[in-house]
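Asker: What follows is each chain in one-letter form.
There are 2 protein chains.
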Amino acid sequence: MFEQFKDKFPLDNNTWDTYVSYFKRLEVPARTVLLNEGETSKKLFIIEKGCIRVWFNNNGKDITTQFFFENNMVASIESFRKSTPSQVTIETIEPCVVWWIFKKDLDSILEAIKSTPRLRDLFINGIFERTFEYMKHFISFIKDTPQQRYLNLIKEKPQIILRVPQHYIASYLGVTTVHLSRLKSKLAKEK
Amino acid sequence: MFEQFKDKFPLDNNTWDTYVSYFKRLEVPARTVLLNEGETSKKLFIIEKGCIRVWFNNNGKDITTQFFFENNMVASIESFRKSTPSQVTIETIEPCVVWWIFKKDLDSILEAIKSTPRLRDLFINGIFERTFEYMKHFISFIKDTPQQRYLNLIKEKPQIILRVPQHYIASYLGVTTVHLSRLKSKLAKEK
DNA sequence: CCGGTGCAATAACATTTGTTATCAAATTGG
DNA sequence: CCAATTTGATAACAAATGTTATTGCACCGG
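Line by line, the protein sequences are chains A and B. Quick note on my numbering: the first sequence kicks off at 1 and runs consecutively. Quick note on my numbering: the second sequence kicks off at 1001 and runs consecutively.
Certain hints may be false.
In silico lysine-lysine, DSSO-like type, Cα no more than 27 Å apart, as pairs [claimed, not checked]:
(1) Lys1157(B) with Lys82(A)
(2) Lys1006(B) with Lys143(A)
(3) Lys61(A) with Lys1155(B)
(4) Lys82(A) with Lys1061(B)
(5) Lys1157(B) with Lys6(A)
(6) Lys114(A) with Lys1155(B)
(7) Lys42(A) with Lys1061(B)
(8) Lys143(A) with Lys1061(B)
(9) Lys136(A) with Lys1006(B)
Hints are computed from structural coordinates only; laboratory data are not their basis.
With the sequences and hints as input, model every part of the structure.
Answerer: Rendered as structure tokens:
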């Protein structure tokens, strides 16, 4: 699982093995909650196999904000960083194999690598990239219609269309399931 | 202008003065463009007086995504960090007094302070907070109606309502000027 | 003081999107 | 293999939001 990342980190074998040893493997069925809304996030997950969604409850309806697939890191990022109650639930969609690490262990690793300029900058860059991703997704919500967002999704993240049930996608796009169904049939006719 | 920030930074007077000396003062009228969409951002601004909006062109209509006021830092953040063409325009709304610094100078300051753990962590924390702000704004776009977003804005950022022309606010809320007008008159009647 | 321009309100109408209900197909668990 | 549940499509109607056009007001620069 971790070998593929190894060459990105300028660490000697011993240090690397120590870091990796903090991670634990976990196998769970579909629809398993890994973190509940309101709980404080203490674990970061990396997906070996399967997919996961992040969602929150809005007046009884759940709204999915993100999807994650193989090799993605998943956490309720604000809750994890600040140790505050999570605004969101993290739940598997498919049966999953994940690796997880305790926040306290990750914190100590991060603190250690921050003194290595190259790793520190890799870390900072990672946060920036995450922000930019968010900004991009946000802007598409302002400028595009739901139909356009759906077309973008097909083009840019086809694995979401292929692997995720449609009602999760609907809330991710900001529309009802009924409306997404309508859009699909309209687009099919136009072809 | 900078005295108010000084005690937050554990720097000796000399270092502080050197850093501050990189900033230049600029006075501009309302509706002045500080960065054009498509240009690469080379300057970061800090507002001493006035307000600024960030917007982009979407099929001939401009969409405002952010407002900034006194003491805020403003830049096209992705363009500034990556030296890529900016997706947005930065423009004054009121006559403004701003201080600005060249990217290369700021980069050298940042590189220097990153070796001071306390400043480095302050910096990292700043990026996280920026991301969390974005996430919050984004989530309100998914879960709230335009009317609710308008009410939130009145409560949480009243200076935007007071100082910014309404048609900029409309696009910030994701509605047309006509619809915002309608919402206002509806809310006035309900009282 | 005049004329242009920017800004906001309003009306009438069009379009998009949500709501509720029903049905059928697919999937899952026993 | 069957029953229950999940998922997706569709229709009919309601509500929200966009479009276009008109009007009036305020402000600014000659």
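Asker: Each hint needs a verdict: does it hold in this structure or not?
Answerer: Structure-based check of all given hints:
1. Lys1157(B) with Lys82(A): This hinted pair holds, its Cα atoms lying about 24 Å apart.
2. Lys1006(B) with Lys143(A): violated, 40 Å
3. Lys61(A) with Lys1155(B): holds, 25 Å
4. Lys82(A) with Lys1061(B): violated, 39 Å
5. Lys1157(B) with Lys6(A): violated, 46 Å
6. Lys114(A) with Lys1155(B): violated, 40 Å
7. Lys42(A) with Lys1061(B): Since the Cα atoms of Lys42(A) and Lys1061(B) sit roughly 44 Å apart, the hinted pair is violated (cutoff 27 Å).
8. Lys143(A) with Lys1061(B): Holds. Lys143(A) to Lys1061(B) sits at ~10 Å (cutoff 27 Å).
9. Lys136(A) with Lys1006(B): Answer violated: Lys136(A) to Lys1006(B) is near 34 Å, above 27 Å.
Violation of the numbered hints given earlier is confined to hints 2, 4, 5, 6, 7 and 9; the remaining hints are satisfied by the structure.
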